[in-house]
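Novice: Please work from the sequences and hints to get the whole structure.
From first to last, the protein sequence lines stand for chains A and B.
Under the UniProt record's numbering, read the first sequence as residues 1 to 332, first letter to last.
Under the UniProt record's numbering, read the second sequence as residues 1 to 278, first letter to last.
No wet-lab data here; the hints were simulated from the structure.
Hints are all accurate, no fakes.
Think about it this way: if two alpha-carbon atoms lie no more than 35 Å apart in a straight line, the pair counts; the simulated DSBU-like pairs of lysine-lysine are:
| id | chain 1 | residue 1 | chain 2 | residue 2 |
| --- | --- | --- | --- | --- |
| 1 | A | Lys15 | A | Lys153 |
| 2 | B | Lys165 | A | Lys15 |
| 3 | A | Lys178 | A | Lys279 |
| 4 | A | Lys101 | A | Lys153 |
| 5 | A | Lys74 | A | Lys178 |
| 6 | A | Lys153 | A | Lys74 |
| 7 | A | Lys74 | A | Lys15 |
| 8 | A | Lys112 | A | Lys74 |
| 9 | A | Lys20 | A | Lys153 |
| 10 | A | Lys20 | A | Lys178 |
| 11 | A | Lys178 | A | Lys107 |
| 12 | B | Lys165 | A | Lys101 |
| 13 | A | Lys74 | B | Lys165 |
| 14 | B | Lys165 | A | Lys20 |
| 15 | A | Lys153 | B | Lys165 |
What follows is each chain in one-letter form.
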Amino acid sequence: MAALTLVNVTKSFGKTDVIKGVDLEVQTGEFCVFVGPSGCGKSTLLRMIAGLEDVSSGEVMINGARVNDVAPAKREIAMVFQSYALYPHLTVRDNMGLALKQAGQSKAAVAKSVDHAAAMLALEPLLARRPSELSGGQRQRVAIGRAIVRTPKLFLFDEPLSNLDAALRVATRIEIAKLHRDLDATMIYVTHDQIEAMTLADRIVVLRDGRVEQVGAPMDLYNDPDNTFVAGFIGSPMMNFLHAGALGMRSATMGVRPEHLAISRTAGQIEGTVSHVEKLGGETLVYINTATQGLLTVRLFGEHDYRVDETVQLTPEAARAFHFDAAGLRLR
Amino acid sequence: MATRTPLSRSIAAHAVLIAYTVIALFPVFVIVINSFKSRRAIFAEPLAIPTPDTFDLVGYTTVLKQGDFFQYFQNSMVVTCGSLFFVLLFGAMAAFALSEYRFRGNTLMGLYLALGIMIPIRLGTVAILQMMVASGLVNTLTALVLVYTAQGLPLAVFILSEFMKQVSDDLKNAGRIDGLSEYRIFFTLVLPLVRPAMATVAVFTMIPIWNDLWFPLILAPAEEVKTITLGSQVFIGQFVTNWNAVLAALSLAIVPVLVLYLIFSRQLIRGITAGAVK
Numbered sequence: 001m002a003a004l005t006l007v008n009v010t011k012s013f014g015k016t017d018v019i020k021g022v023d024l025e026v027q028t029g030e031f032c033v034f035v036g037p038s039g040c041g042k043s044t045l046l047r048m049i050a051g052l053e054d055v056s057s058g059e060v061m062i063n064g065a066r067v068n069d070v071a072p073a074k075r076e077i078a079m080v081f082q083s084y085a086l087y088p089h090l091t092v093r094d095n096m097g098l099a100l101k102q103a104g105q106s107k108a109a110v111a112k113s114v115d116h117a118a119a120m121l122a123l124e125p126l127l128a129r130r131p132s133e134l135s136g137g138q139r140q141r142v143a144i145g146r147a148i149v150r151t152p153k154l155f156l157f158d159e160p161l162s163n164l165d166a167a168l169r170v171a172t173r174i175e176i177a178k179l180h181r182d183l184d185a186t187m188i189y190v191t192h193d194q195i196e197a198m199t200l201a202d203r204i205v206v207l208r209d210g211r212v213e214q215v216g217a218p219m220d221l222y223n224d225p226d227n228t229f230v231a232g233f234i235g236s237p238m239m240n241f242l243h244a245g246a247l248g249m250r251s252a253t254m255g256v257r258p259e260h261l262a263i264s265r266t267a268g269q270i271e272g273t274v275s276h277v278e279k280l281g282g283e284t285l286v287y288i289n290t291a292t293q294g295l296l297t298v299r300l301f302g303e304h305d306y307r308v309d310e311t312v313q314l315t316p317e318a319a320r321a322f323h324f325d326a327a328g329l330r331l332r
Numbered sequence: 001m002a003t004r005t006p007l008s009r010s011i012a013a014h015a016v017l018i019a020y021t022v023i024a025l026f027p028v029f030v031i032v033i034n035s036f037k038s039r040r041a042i043f044a045e046p047l048a049i050p051t052p053d054t055f056d057l058v059g060y061t062t063v064l065k066q067g068d069f070f071q072y073f074q075n076s077m078v079v080t081c082g083s084l085f086f087v088l089l090f091g092a093m094a095a096f097a098l099s100e101y102r103f104r105g106n107t108l109m110g111l112y113l114a115l116g117i118m119i120p121i122r123l124g125t126v127a128i129l130q131m132m133v134a135s136g137l138v139n140t141l142t143a144l145v146l147v148y149t150a151q152g153l154p155l156a157v158f159i160l161s162e163f164m165k166q167v168s169d170d171l172k173n174a175g176r177i178d179g180l181s182e183y184r185i186f187f188t189l190v191l192p193l194v195r196p197a198m199a200t201v202a203v204f205t206m207i208p209i210w211n212d213l214w215f216p217l218i219l220a221p222a223e224e225v226k227t228i229t230l231g232s233q234v235f236i237g238q239f240v241t242n243w244n245a246v247l248a249a250l251s252l253a254i255v256p257v258l259v260l261y262l263i264f265s266r267q268l269i270r271g272i273t274a275g276a277v278k
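Specialist: So, in structure tokens, the structure goes:
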């Protein structure tokens, strides 16, 4: 059964259309990630699902029931915010238990649910503290705990890792993935970071300018993008886009991932000079300025020695290249 | 070129601040020292500190013997605290509505509410008096509380709505998802976070009300509802002024407002510097 269904959902602020007709179905137990550049409407869409923004037209259904006019508290959802949004005047225990208390559950039942969630996230030693006495990572774990306590039909995450430092981000990402497996819950997760999207999602929804560009499993989007936007957004470093005409192809644009561009000092199709080299240990990224194709990125595995200003030759791996028409749509 | 060291800069800054403090406090200082002197000494050497020779509590005894003085104090306290309560309550509520909800005419409504900052309420004195006479509120403290609430609201709405815009949307939304009512969100989440702004508004509202002579004189001149500022005027006559008593009364009138200020000032300083350092 679909945990969430969006039918031609739109949102306008005055004359500005922010969401321009989104259709989507998220299955129960699925981890669905909305990804896109800032301003693409992904957070607005999430807030519409939560009921924090009105829907201009279309239908939002949770577990098959239309919830357009249902208050956020009655939608049986829980949300984790980027800024944690913990109640500063309440202890961790009261923060986590507030929703159940508001719903009229007994003290004992609230305490039991809070203890259970705290145990899952190893929050027991922090229960008596206030949010101001916690570190950023701890605050976000409390915010996640607050969501778990409600045992919602739908978990909503609004860029929950953006305020954390790099190491914590990876640790919390793994924790969220584990939580999804343990709880078997439906989760909708908004991020602008394609790595988070790739690592967490069962299915990714790529959004641009309030429209869905493509929906699919991470590897489907990576290996089979519908257009240049998705091809460029998914995968890091970004895909190279070549003027296919200059290489004697019929398509307008040829997309080649950095790892599918062969580099040689002797022979190749495209000549250029090395403008920058990034050595990451496991891989080496070489940035090459070419006369005909602009700046291209090559990704080499292992350590390689290329000097800046060195002249090199590049050859795209034709079998792994993607072809796009002039409008950016994929030619298959 | 001589570079200014941090030390010289800090001396210069302190010199300016001390000079300003001296200038600002001087009149208060003169009032307080003279309130402890005999009448002759006040006129002989107005700037002298009271000595055993000139020390005299006659002003204070006169004021305290004037039996209604505590009544005046109480009236001033009731009017100030009452007005302050309503200004803060209604001001904060209006500010929350203006900053939180999108509705048609939001900006116009905000401008309308802020207009009162620019138009002195005293221009409407005659109309206010007619209204109070018609509603039988003349010579009541209620009349003063109503007028001062109206007088304080524009600035309160203006300042508070700016501060409320800075309160995290996520926090309010988290409250909504957890099922808190809008009133609970306002009172338990938003108000504590704008406390410094509330203190700022409280001080700016409180001082003009405490010091006002105009409306008490017009709306509530009866003996039992006189405020302290109006009460002090009994010592100023057309021909003879009892300076000892006037100065003593004014010195006493400083005390409560000073206490209220000290209560709010810790918050106030945070309010003024909020956002300056981040």
